[in-house]
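A.B. asks: If you're matching them up, the sequences are chains H and W in order.
1 is the number of the first residue of the first sequence in my numbering; add one for each residue after it.
339 is the number of the first residue of the second sequence in my numbering; add one for each residue after it.
Don't read these hints as lab results, they were simulated from the structure.
There could be a bad hint or two in this list.
Claimed, not checked - Only pairs whose alpha carbons sit at most 35 Å apart, straight line, appear in this in silico DSBU-like list of lysine-lysine:
(1) H:K131 x W:K497
(2) H:K210 x H:K29
(3) H:K297 x H:K84
(4) W:K683 x H:K283
(5) H:K131 x H:K221
(6) H:K297 x H:K139
(7) H:K77 x H:K297
(8) H:K31 x H:K297
(9) H:K264 x H:K77
(10) H:K264 x H:K221
(11) H:K29 x W:K394
(12) H:K84 x H:K252
(13) H:K74 x H:K29
(14) H:K131 x H:K289
(15) W:K464 x W:K683
(16) W:K464 x H:K139
(17) H:K210 x H:K221
(18) W:K497 x H:K221
(19) H:K74 x H:K264
(20) W:K683 x H:K84
(21) H:K210 x W:K394
(22) H:K264 x H:K84
(23) H:K74 x H:K252
(24) W:K497 x W:K394
(25) H:K283 x H:K74
(26) W:K599 x H:K31
(27) H:K29 x H:K84
(28) H:K264 x H:K283
(29) H:K210 x W:K464
(30) W:K599 x H:K131
(31) H:K264 x H:K252
(32) H:K139 x W:K497
(33) H:K31 x H:K210
(34) W:K497 x H:K77
(35) W:K464 x H:K221
(36) W:K497 x H:K84
(37) W:K394 x H:K84
(38) H:K84 x H:K210
(39) W:K394 x H:K221
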Amino acid sequence: MKHSLILGAVAAIGLAAGAASANTLEDVKAKGHLQCGVATGVPGFAFTDADGEWQGFDVAVCRAVAAAIFGDPKAVKFTPTTGKTRFTALASGEVDMLARNTTWTFSRDTDLGFDFVGVNYYDGQGFMVRKDLGVTSAKELDGATVCIQTGTTTELNLADFFRTNGMSYEPVPIETNAEARQKYLAGACDVYTTDASGLAATRSTFEDPKAHVILPEIISKEPLGPLVRHGDNEWGDLVRWTLNALIIAEEKGITAANVEEMAKGTNDPEVNRLLGAEGEYGKMIGLGKDWAVNAIKAGGNYGEIFARYIGEETPVGLARGLNAQWTQGGLLYAPPFR
Amino acid sequence: MTAVTDPSQGGFRIGMLLSDTRYRGATIQTIALIAFLTAGYWLVDNVISNLAALGKDFSFRFMTEPAGYDINQRLIEYTSRSSHATAAVVGILNTLLVAVLGCALATVIGVVAGVLRLSNNWIVAKLMTVYVETVRNIPVLIQILLLAAVFDEFLPHPKQAGTLSLFGLVDTGVVATNRGFYVPGPVFHDGSAWVVGALIVGILLSIGYARHARRVQQDTGEILPVLPVRLGLIVGLPLVVMLVLSAVGAPPITMESPVLKGFNFQGGIYMRNSLVALWLALSIYTGAFIAENVRAGILSVPKGQTEAAYALGLRPRRTMQLVILPQAMRVIIPPLISQYLNLTKNSSLAIAVGYMDATGTLGGITLNQTGKEMETLMLLMAFYLSISLTISMVMNLYNEQVKLVERTSATGFAPSLGHLLNNVTGPWRNLTKGDAQHQPLYGVAGWLNLVVLLYGAIWLALLVYLFLMDTPAQREPYFLWPTSRQIVFLALTASTMSAFLTIVFKHFRAIDFAALTLVLWVAASLLGVDLDGLAADLPDGVVTYGGFAAQVAAIAYLLFGKRPNLTYLNRVKEAG
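Take the sequences, apply the hints, and build the full model.
C.D. replies: Written out as structure tokens, the structure is:
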């Protein structure tokens, strides 16, 4: 309480001085670490490993941003947020950015006062049921009991899907993925619905993943991506281009292993610009020459991160699908770096 | 001595504001008030400017937009296309449902446990001690989660579930699954109105009989059998009507048993696990506190009272009923109020088990989907505040009825319109002072009931108008009205509620609220609130002017009418 009063006073003084929006990059540099909002625990996307370190596909974005700023992927602290608390955490300044399977929508981008800086996973909402129910299509789910995380876009899609198909259902609202897993496994709900990637991730932690099936219907577009507060464009640019750097790195074949080597200069001018061998591009976003090198060194390029946490070799076992590079028939298409 | 009698020298100096004890108090209070107002202004200003910095405006317009989400348990009609306001009402009703169910069950558990803890049976007494000490020292959230987990994990899946039977003999028709409990429910067919009518007649007759029995006892001392006769009237009469109707044609009311259809059971009454877990956990938890209140209340009555009653020849049950409990109630009621309040506020833990109460809909999903933290949380706080104040007021008024009234005790010295009117109203002073003019006034009680009905009806109509008419085609949504109209309508609703509740308890302050309601009624119609819309079927003007006239009549009756002296009725046995 006292703390928030002091914060309030500081905020008021800041306002009185006419500085409407703080410079997030300056703040982060002054703090010495990045504060990043992540999910409370989704296998493959955001989880703590045996050493208590945060790992995962979404977490890797935070680490890349931290590495770009400080040269150290460990200079980041994580705030686990639920579907309900995430926006308040970001809007209030409790976290500097959110990398937490959050769907990019119009009202979140405008009315809620956030900026989505890009998409790191193209997803869609799916349904998971037990195989022994014999259900093969989501259209057969009339009267089913459905577990759903509250405060998500999936909740609204679900209502629309059942309404437009003239079916009834019984929603069981829950807070976190772990709780949903427990309810679903206990049979308290017939169906669990969330982003298909989340379903696959959750299924990977089941004792017998083969006894559960993800239905073919994908009922929505769910472009998931990191977001920042609206109003600090410099900070938004920094996060956006860190994400783009990881995507360009994959396209250009820059990996964690060869990034140092390539930073010394290559034949490809775009690679040279990205890695700081040519031009002063780091300066344009308030960082050093080697920002992209550090970001890529932190966890590898986009493809490496994908393969390590959620790719087909992992228990989550997701195919690249829509998330392949545009050159491979996917949707990943970073603007040119120049 | 001279110092005191000396006339004060010179005029008023500014320094005297602090040095002179005559002014010091006022000075300090003025400074404190200014400081308080400044702090308040600063906080509000800070919120507004910070919201502006975030690019957010402060408005309640989102309440009229479609909510977009579904709610599993809804006591009124609601779909995902209904407005956020309707979703909030669904949540509020769910909160009230679990609060009412919880308060009732907690009282039963508390009274039983409290009495049994004083039992002479050692094992029973110790068992109750263990219950009280264990349950009230474990956080209620953990108890709620524990019950929910037990239901989830240990009750069968609908596919495996069958009806529960009593000791393998009687099939109860109840199905317990890991989603909820299905209880056979009544289905009303043609002719069921007769049965309901018989029930109402039965209740009225039983009240009449109870009065008759009381009069007979006071006149002659003969005790008539009350309980069996009343039970026979209330239960027996509808049962006879139903049997007759069934013999003539199709039974008017049948019981529908839950049947497995598709994924879940259908039919009967469905009580979700979230509701049952929350209800039981809150009741068991609060019951432990109430048990201690009850025990304290009973122990507060001196043993000599029991012995005196025994010496007069009263049996133990009647001793408890007539001597101990009436006195114990005075000790039990005040802490009971705060237990009811606690239970109601604790019901906001519902979201932990996915029960969609007001915190779950308005303060949960609506907040999240619209991003209006300030607005939704303020509405939520207003709701909990008003519901708590209402419970507290109702219980305080009840306490006023049961508390010991002495000849000299007044109800307080707070400046109020009621006190100003005391000189005018004469007989009201009997109520406030409990000094009975020994004349029972049975006849006019009926008129007072009419006043109660009047304010009850107005209040209900205002609430329905405010929340449930989800029809933008018929009228402008509340949140789009001009601010002045919004405020006066809200104030009118609040004052009608206050008038209704105070009259229900025959409290003399009812005049204050009735007068306030009348003023607000006029203000509302002047500001253009569509009062005729409260009952859209009636011709224009009937509600506005009829309501005005009825209220004037009600106030006139409250001021000048002879009214039943309830304190007298409750306290003093009829003189004959």
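A.B. asks: If any of the earlier hints don't hold here, list their numbers in rising order.
C.D. replies: Numbers 2, 4, 6, 10, 12, 14, 16, 21, 22, 24, 26, 29, 33, 34, 35, in rising order.
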